[in-house]
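Q: Here's the letter readout for the chains.
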Amino acid sequence: MGLQLSRKTNMKSENKFFEKDNYNALCVGIGGTGVISASIILGWAALQEGFKVRTAETHGMSQRGGSVSSYLRFGKNLESPFMVEGDLDVLLAFEISEGLRSLRFTNKNTFIIASKNTVIPPSVLTHKSLKIDGNKCVGCGNCVAHCLPNQIYNEKGEKNYYTLMKGPTRKVINGYSTVLESCTGCVQCVIDNVCPFGAIEAFNEWEYPDVKLIEEDIKSVSNNVILLDANSIAIKVGNILTANVILLGILAGVQKIPLSPNILRETVKKFVPKKALDVNVKAFDIGFDIGINNKK
Amino acid sequence: MSRPFYALDKPGEKGVVLGNDALARGIFEAGVIVAAGYPGTPSTEIMETLARIHKFYPYFEIEWSTNEAVGFQVALGASMCNARAFACMKHVGLNVAADTFMTATYAGAHGGFVVLSADDPNCYSSQNEQDNRYYGLHALCPVFEAINIQEAKDVIKYAFDFSEEFQSLVMMRTTTRLNHARGDLILGEINKIEDRKYNFDKDRERWTFLPSNARVQRVKQLERYEKLRTFSDNFPFTKLNMKDGAKIGLISSGIPYSYANDALLKLNLTEKISTLKLGMVFPQPEKLMEKLFENSERVVIVEELEPFLEDFAKKLAFELDIKLEIAGKKYFRRNSELNLNEVIKGLTKFLNISNPFVDLPVDIRNLHKASPRPPVLCPGCSHRSTFYALKLMEQKLGKNFVYSSDIGCYTLGFYKPIEAIDACICMGASIGMANGISKLHDGPVLAIIGDSTFFHTGIPGLIDAVYNQNDVFVIIMDNSITAMTGFQPHPGTGVKITGQPGTKIPLESIIRGAGITEDRLWIVDSNDLEQTTRAIEEAISVKGPRVLISRHPCVLFEKSIYRDKIIIPVQIDPEKCNNCMICIKNFGCPALTLYDGKVTVDGQCTGCGVCIKICPFEAISLKE
Ligand SMILES: Cc1ncc(C[n+]2csc(CCOP(=O)(O)OP(=O)(O)O)c2C)c(N)n1
Ligand code: SF4
Ligand code: SF4
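Top line first, the protein sequences correspond to chains A and B. Residue numbers are given in the numbering used here: position 120 of the first sequence equals residue 157, and the series is strictly consecutive. Residue numbers are given in the numbering used here: position 119 of the second sequence equals residue 128, and the series is strictly consecutive.
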């Protein structure tokens with residue numbers, strides 16, 4: 038279906054429906070998942086439409102699992118690669134928490150397409166630990182005895198020379214059980230309920246919010262939100278790396294910015310690897326249909 | 010092989026390209042025949058793109074040099090031979106090249122010579138955010154900037170003509186926001202180079218800086234500078250845009266100008282403010298500034314980092330005895346980078362009008378916070394294994410090591426869960442600092458340095474350690490590539506930037522040559538914990554300078570070249586795993602994660618197998 042529709046569309050989009058001089062889009066996600074290529078495709082499509090194009094990227098060391106944002110502006114009268122916060126026409130989020138992170142650029146009309154998949158930063162796990170409530174703890178030492186990493190530390194490598202435990206995980210100090218640096222955050226003591234007085238609580242210095250809560254947050258800022266699990270669809274299409282193209286297909290389908298679906302589709306074809314051309318076209322068309330169905 | 014857009018010989022063709030690709034295109038169009046540099050974000054892609062263009066136009070020479078000083082010298086030598094020459098580096102690279110740069114600017118250029126300095130406001134991938142426009146002032150070297158992608162190509166291409174006309178070196182100064190931006194570009198003509206003669210220019214007085222010659226060259230430099238000063242008003246990319254009746258002026262350059270331009274659009278002020286856009290930020294256009302000052306009551310300067318233009322503008326107004334208000338850093342931050350919001354904020358404050366963009370249209374205060382995503386060593390990275398071995402031996406031997414580090418992926422060993430690195434200042438400093446620390450500190454002092462960095466500036470520190478018998482333990486994290494900046498080959502890799510073979514220089518030959526004897530040199534496979542820990546134990550037990558080469562190829566680089574290699578990930582036996590989290594917390598490979606509350610191996614596992622050894626319950630094993 039996507040194919041027929043896109044064939045009917047004119048090569049250049051009918052700019053008269055779009056009154057603004059300039060348009061702002063933002064693609065966000067994790068390094069290596071096609072964030073930048075999505076923005077390149079949008080940029081080239083905008084060029085075909087005769088617009089000036091500006092993009093800017095921010096990424097830490099993206100190959101190493103960092104956040105990537107690609108800001109895209111196109112239109113008739115602009116110079117800056119950044120838009121004003123709150124001035125976004127389209128937000129494409131390839132990872133949901135990265136969408137959350139970018140909401141300061143949106144307004145209630147921003148079209149947000151976000152993939153529900155999550156990539157939990159490894160640092161969240163290494164920042165897990167425990168809190169002990171001093172008012173409840175009596176210093177019985179139950180938890181100290183129960184802690185497995187602590188036992189491994191006490192064995193000092195007898196079990197395995199190559200296991201590194203830098204110190205005890207917990208000690209009774211001045212009559213209170215105290216969590217030390219070396220606690221691994223396995224929180225087994227909380228799960229097993231070893232404290233008779235309920236004094237131990239697990240906590241995460243860096244929390245990755247629950248997906249449902251992130252979804253609510255995203256929906257709370259804008260009236261135009263499409264949330265979907267693009268990764269699962271992409272896997273079904275045949276290649277998880279086509280998730281970004283699915284989102285581009287949706288964008289083409291909803292027609293919220295003056296880039297014609299046909300030009301977008303042709304640009305996708307130009308930029309994806311030759312070997313993966315068919316899956317990407319399929320992914321685009323599936324996205325396009327989703328977009329058409331969500332067109333308000 | 011299909012040609013990338015930037016390598017097409019089709020003047021007039023339009024495309025969307027990366028700033029660094031546009032710069033490379035401009036350099037190529039200018040007819041540069043020698044390009045040299047050392048990788049450094051955000052400049053690296055310029056050289057890589059030139060190397061890709063080289064595949065189609067192999068008439069020019071291109072190299073990754075050992076460091077920026079050498080890169081600069083290579084380009085200088087080519088310029089002495091009448092060639093158009095280009096040297097490429099990030100901002101701190103110019104510190105390394107500065108000794109040559111400061112004197113070369115006396116002699117100036119023979120063939121067009123442009124050095125590019127890519128500055129990094131906000132330290133996105135750098136140890137500082139120094140403002141290299143001051144190098145222009147310091148060396149009386151003209152500095153050019155561009156406001157967008159098209160200008161980036163056009164300005165750098167023009168810089169070579171300019172350099173030849175004035176016999177002056179030129180610095181092209183960019184910032185991350187230009188290097189890593191994309192925009193529309195129209196390709197230009199590729200200059201023909203056939204009718205040039207390339208011979209060393211035997212102007213011996215000019216190139217030989219004995220004091221007697223230096224004094225003469227210094228006078229010539231000052232004469233050249235006077236010419237540049239007056240020319241600045243006619244610089245083709247500098248534009249004064251006077252607005253009728255406007256009493257307010259704005260001066261800016263580079264990417265900050267693009268923000269200022271759009272800020273005026275957003276605030277509906279384009280007709281009310283006169284603007285001066287500088288393409289040449291040093292020397293500044295004095296006549297144009299004077300005209301702006303004479304017609305303005307107030308002038309605002311929009312620039313990133315230091316008050317470079319502001320200080321000059323104030324000095325000029327004082328000399329011309331024009332009374333007006335000149336402001337800059339009073340309204341715009343001095344640290345980090347600017348953006349459209351920041352510029353609107355500063356401008357509205359300066360103009361004393363309300364900022365319509367202070368409040369966000371959506372209320373985000375009560376939304377959840379996304380967890381931070383700091384960079385970590387890749388899954389299967391061999392640096393992690395070396396650090397783990399070091400941490401393990403610290404514990405086993407009951408000693409605390411001092412880790413004096415260098416810059417590279419291994420600097421990520423600062424963060425949890427490794428938390429090893431104690432100091433890291435700049436490239437090549439690790440061994441030198443360790444030498445100093447070892448003179449006073451009681452306990453093992455380690456220098457951690459990568460292979461590319463060792464070639465770059467590490468070798469003198471090692472020679473110092475040997476010569477002065479300093480008690481330092483040097484660990485070379487040899488992953489066979491310059492990984493941090495995106496896998497550039499170096500002398501130890503033995504491949505050139507073009508992909509052609511070069512002469513491979515084994516690290517150990519240099520180390521032995523520096524005077525490290527066999528009993529003080531250990532070479533291990535980083536991922537072999539048994540071998541690595543044993544070597545560390547032995548090395549810690551001896552005194553004096555000693556070296557461990559911890560060797561294993563960068564796994565991400567290997568993955569990028571052997572795409573079809575079959576990876577056998579490890580598996581965790583749920584019966585044996587007690588969920589103690591030791592592997593996650595104390596080793597921290599990102600492929601080890603929690604799924605449904607159980608420690609699990611995810612799809613990122615490279616099958617390096619290091620974690621197998623560290624599990625206290627032998628729960629991890631290779632999949633058959
Ligand atoms: C003078 C200077 N030039 C370039 C850089 C950019 N840079 C940072 S780390 C690095 C090289 C890292 O290579 P290596 O030491 O082999 O470590 P690896 O990243 O491979 O682990 C470079 C070029 C810099 N910081 N300073
Ligand atoms: S790029 Fe290579 S050296 Fe750098 S963290 Fe990744 S695997 Fe390690
Ligand atoms: S084998 Fe272990 S350490 Fe190596 S990549 Fe896989 S999970 Fe990480």
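Just so you know, the hints here were simulated from the structure itself, not pulled from any lab data. Every value quoted in this text rests on a predicted model; they were computed, and no experiment measured them. Heads up, a few of these hints could be off.
Unchecked claim - Straight-line C-alpha distance at most 30 Å; calculated DSBU-like pairs for lysine-lysine:
| id | chain 1 | residue 1 | chain 2 | residue 2 |
| --- | --- | --- | --- | --- |
| 1 | A | K307 | B | K281 |
| 2 | A | K306 | B | K324 |
| 3 | A | K196 | B | K607 |
| 4 | B | K607 | A | K193 |
| 5 | B | K338 | B | K358 |
| 6 | B | K448 | B | K358 |
| 7 | A | K168 | B | K252 |
| 8 | B | K400 | B | K622 |
| 9 | B | K622 | A | K249 |
| 10 | A | K203 | B | K622 |
| 11 | A | K89 | B | K252 |
| 12 | B | K405 | A | K113 |
| 13 | B | K338 | A | K57 |
| 14 | B | K354 | B | K425 |
| 15 | B | K622 | A | K307 |
| 16 | B | K585 | B | K425 |
| 17 | A | K306 | A | K319 |
| 18 | B | K23 | A | K306 |
| 19 | A | K312 | B | K211 |
| 20 | B | K568 | A | K193 |
| 21 | A | K208 | B | K354 |
To be verified - Computed beta-carbon distance windows for the label pairs:
| id | chain 1 | residue 1 | chain 2 | residue 2 | range |
| --- | --- | --- | --- | --- | --- |
| 22 | A | R141 | B | Y143 | 49 to 59 Å |
| 23 | B | D534 | A | K193 | 19 to 29 Å |
| 24 | B | N409 | A | V227 | 45 to 55 Å |
| 25 | A | E303 | B | R342 | 51 to 61 Å |
| 26 | A | K311 | B | L406 | 30 to 40 Å |
| 27 | B | Y143 | A | A239 | 44 to 54 Å |
| 28 | A | K311 | B | K296 | 27 to 37 Å |
Backbone N, C-alpha and C define an ideal beta-carbon position, used for all residues, glycine too.
Q: Hints first: check each against the structure and report whether it holds.
A: The hints, checked one at a time:
1. A:K307 <-> B:K281: violated (44 Å)
2. A:K306 <-> B:K324: violated (56 Å)
3. A:K196 <-> B:K607: holds (22 Å)
4. B:K607 <-> A:K193: holds (25 Å)
5. B:K338 <-> B:K358: holds (12 Å)
6. B:K448 <-> B:K358: violated (53 Å)
7. A:K168 <-> B:K252: violated (64 Å)
8. B:K400 <-> B:K622: Distance of about 15 Å is within 30 Å: holds.
9. B:K622 <-> A:K249: Answer violated: B:K622 to A:K249 is near 38 Å, above 30 Å.
10. A:K203 <-> B:K622: Roughly 17 Å between the alpha carbons, so the hint for A:K203 and B:K622 holds.
11. A:K89 <-> B:K252: holds (25 Å)
12. B:K405 <-> A:K113: Given pair B:K405, A:K113 is violated - Cα atoms ~66 Å apart, limit 30 Å.
13. B:K338 <-> A:K57: The given pair, whose Cα atoms are some 34 Å apart, is violated under the 30 Å limit.
14. B:K354 <-> B:K425: violated (37 Å)
15. B:K622 <-> A:K307: violated (47 Å)
16. B:K585 <-> B:K425: Judged against 30 Å, a Cα distance of about 26 Å means the pair holds.
17. A:K306 <-> A:K319: holds (11 Å)
18. B:K23 <-> A:K306: Roughly 18 Å between the alpha carbons, so the hint for B:K23 and A:K306 holds.
19. A:K312 <-> B:K211: The hint is violated at about 55 Å.
20. B:K568 <-> A:K193: violated (37 Å)
21. A:K208 <-> B:K354: violated (52 Å)
22. A:R141 <-> B:Y143: 49 to 59 Å: Between A:R141 and B:Y143, where Cβ atoms are some 34 Å apart, the hint is violated.
23. B:D534 <-> A:K193: 19 to 29 Å: holds (27 Å)
24. B:N409 <-> A:V227: 45 to 55 Å: For B:N409 and A:V227 the Cβ distance comes to about 32 Å; the hint is violated.
25. A:E303 <-> B:R342: 51 to 61 Å: violated (43 Å)
26. A:K311 <-> B:L406: 30 to 40 Å: violated (55 Å)
27. B:Y143 <-> A:A239: 44 to 54 Å: holds (52 Å)
28. A:K311 <-> B:K296: 27 to 37 Å: For B:K296 against A:K311, whose Cβ atoms are near 56 Å apart, the range 27 to 37 Å is violated.
In summary, the structure is inconsistent with hints 1, 2, 6, 7, 9, 12, 13, 14, 15, 19, 20, 21, 22, 24, 25, 26, 28 from the numbered list given earlier, while agreeing with the others.
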